[in-house]
Amino acid sequence: MPDHTVAVTGAAGFIGARISEVLFQRDLRVRPIVRTFPSAARLSMWPMEPARADILQVSSLRSAFEGAHTVVHCAYGNTLDQAQNELITVEGARNVIQAAGEAGVRRLVHMSTVAVYGEPGLDKVDENTPYEQREEDWYTRSKQQAERLMLDAMDSGIVSEVVALQPAIVYGPYSLHWTITPIERLQAETLYLYDEGRGVCNTTYVDNVAHAVYLACTRSEAVGERFLITDGEPVIWREFYQYYADMLGKSLPSASVEDVQSAEASKARWTPLVKAAQTAGKATTSALSAVGFRNAYALARNAYRRKTRWMQQTSASMLDFYLGTTRYDITKARTVLGYEPIVDLCSGMNATEKWLRFSRLIP
Amino acid sequence: MEDQASMRSGAQPPSEKVYQVAVVGCGAISERAHLPALSKMTSRFSVATLVDTDTQRTEELAEQYAPGASRLSNYEGLAGRAEVALVATPPHTHQRIVCSLLEQGLHVLVEKPLARTREECETIAEAARASGRSVFVGYNRRYFLGWRFLKVVSDSNLAGPLLSLDAEEGSPFDWPVGSAAIFNPEIAGGGTMLDTGVHELDLVLWLASEKPRVLFYEDDNRGGVEANGHAILADGDRTFRLRLSRTHTLQNRVVANFLNAVITVECWDPTAIDIFSWDPVVERSLKKAHTDLRQTLGADPTVEEWTGVWNSLQSGVWFIDEAAIQAIDLLGQMYSMRQPMDQPWVGVARELEGVR
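Chains as they are written, first to last, in the numbering used here: chain R, 4 to 366; chain F, -16 to 339.
Some clues are possibly wrong.
Label-pair distances were calculated between CB atoms; the ranges are [said to hold, decoys possible]: (1) R:Arg188 - F:Val1: 47 to 53 Å; (2) F:Pro263 - R:Arg363: 30 to 36 Å; (3) R:Lys253 - F:Ala255: 31 to 37 Å; (4) R:Trp141 - F:Trp261: 30 to 36 Å; (5) R:Glu187 - F:Trp301: 53 to 59 Å; (6) F:Thr279 - R:Lys253: 29 to 35 Å; (7) F:Pro19 - R:Trp141: 31 to 37 Å.
A partial selection of chain R residues facing chain F, derived with a Cβ cut-off under 7 Å [claimed, not checked]: (8) Arg38; (9) Phe40; (10) Val226.
Read the hints as simulated data drawn from the structure, not as lab findings.
Each residue gets a CB set at the ideal place from its N, CA and C atoms; glycine is no exception.
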């Protein structure tokens, strides 16, 4: 077992924090790197000393990386500002590379994503599948750039060793996108399955990602490679979401593709009229409120909005995503990295449910 | 009988004693609570000195709250500059700083917790006795209307005896700390139970008729400091359950079950109280007591806290906050009985063991 320090950027985030916990439990010295100290509270139960750094300042990263053998780079743009997100994701990766080089870091493990392949419409994607150009999608675009920067950094000799990991749908304790949000939407009755939820969902329990990171940190075979990481057994969206529905005793309603497309078309057709009506509606609402109609109007409006908003927010690319049949092939991770998923969907959901109850997110 | 209005600041005759105050530690609690409160009490306190190693902070706060105050970067030369010191520094510094200030002849109001361990508290108490100066501890919730109402109801037996108390306080940690010291077990000495749970322990000690015993304690500490903790204490037949978190949102309220009523108070809203009794006579009595108390207690708990300091200093009677020492003693007992919290999502999968 190599006796080296691993610095983890984005360690306050859902994946970065869990990676820090798992690497620490597996006897690596871990230095969680956070933007602000309060955000490190989740990790405070461990005897790990967090360091503070700004991903947009090379000097602060260099100080945080000092003495580290490996940097696991998990930080990315996750704000409401798209331009800022791209800056953090792309320039942040560039800064991490420069700071790692200057600090003498030997290995960079980059947390990439299956999103770099876009939605190619293939039944199987592996590491040889070319990136899909998706200029309209900032996340895909910037994660593609970041991954390229990382792998090029090894070719150009800035950092000796680089490994990129590409996990799919990462869920588990503290996951906003694939655990907390589905739970909240089920509770608010705004979660619908597309086309009975028959699309393929490439689940990845967060501990499987952390396990892959451990291997990427410690196995020489990993160097210079990128690896797709999933739970290994794709399921359909209905099966994935059914776990959450069962936790809450809720049903999983479905919407047909035609419904969604119709709502999309309807949105385009009616938006100008709706905006005009909203302007007029303010005056009307004021008048109605005076005679007691306001609450009834608001109730009816909210019920309608709840039903339609989800469909109207569904873009064509989201439909592709949820209806897709793509399976991400982890053969390379298995054969080269020695990766084998250690937690299956049932066990992962079991742990997730216990965390959800502990955290009071479900009763 | 003392005029109720005279309990509050700002209503004092100009001839009253004005104490010179040194603020040691210019972090968030000084900025958010103490300096605004002291600036409302200029007939009783005058901020003479601001002390912090971060000179930019002393300048910022002096400019905002005490333009005439001197700015220092250490606390060792305060004799003659101030009569009372506020110590609002991290808990691991309390023993050293408070003892120094007492030796310099200052009275001290120190932010909770008094110190990290019973031994550190005793050292401070000994220094206070030797110097003849008083030590107050900043438990400003003692001046929350809700928390004080529980004390009034308990003492007056208006709702019958207190049977049990259930307190929960938690949210994702966002206090603007400037270093990771608060998460370092050697420095901090504890986690959320020491930092926040002492408020609830102080309430328990306030309501208990005898020193409570610890029945059960669990937390999630795995070599660092606890981010989540859960304790059950007992005083005779009644139980006190405390649950604290730095990772997720809890109810953030205290529910006190009396024989004839349930009273709920909020942790963060000084005035939020819910009174329920199945006996209309009891409910009316409680609501009247609540109204009476509201008229005697000022709206700003920190102003009330400093008013208590002023009154105590004026009395000339030496004071040490014994309850604050007992709270740390209880906490030490809790830590010594610690059981690991059941969090199956935290450990690594057994399959990993074979991969090492």
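Check: Close enough to count: is the Cβ of R:Val226 nearer than 7 Å to one in chain F?
Finding: Violated: closest Cβ of chain F sits about 19 Å from R:Val226, beyond 7 Å.
Margin query: Within 31 to 37 Å: is that where the Cβ-Cβ distance between R:Lys253 and F:Ala255 falls?
Written below: Because 32 Å falls inside the window, the suggested range holds.
Check: Is the hinted range of 31 to 37 Å satisfied by the C-beta distance from F:Pro19 to R:Trp141?
Finding: Check failed, 43 Å falls outside 31 to 37 Å.
Notebook entry, point to check: Can the hint on R:Phe40 be confirmed by a CB-to-CB distance to chain F that is less than 7 Å?
Noted result: holds, 5 Å
Notebook entry, point to check: Holds or violated: 47 to 53 Å for the Cβ distance of R:Arg188 and F:Val1?
Noted result: Violated: the Cβ-Cβ distance is about 59 Å, outside 47 to 53 Å.
Check: In this structure, is the beta-carbon distance linking R:Glu187 and F:Trp301 contained in 53 to 59 Å?
Finding: Hint holds: Cβ distance 55 Å, inside 53 to 59 Å.
Next item on the list: Take a look at whether the Cβ-Cβ distance between R:Trp141 and F:Trp261 falls inside 30 to 36 Å.
Entry: With a Cβ separation near 59 Å, R:Trp141 and F:Trp261 fall outside 30 to 36 Å, so the hint is violated.
Next item on the list: Could you tell me whether the CB distance from F:Thr279 to R:Lys253 stays inside 29 to 35 Å?
Entry: violated, 50 Å
Next item on the list: Closer than 7 Å between Cβ atoms is the bar; does R:Arg38 clear it against chain F? Give me holds or violated.
Entry: violated, 13 Å
Check: Do the beta carbons of F:Pro263 and R:Arg363 sit within 30 to 36 Å of each other?
Finding: The hint (30 to 36 Å, Cβ to Cβ) holds, given that F:Pro263 and R:Arg363 are roughly 34 Å apart.
Of the hints listed earlier, those the structure fails to meet are numbers 1, 4, 6, 7, 8, 10, in rising order.
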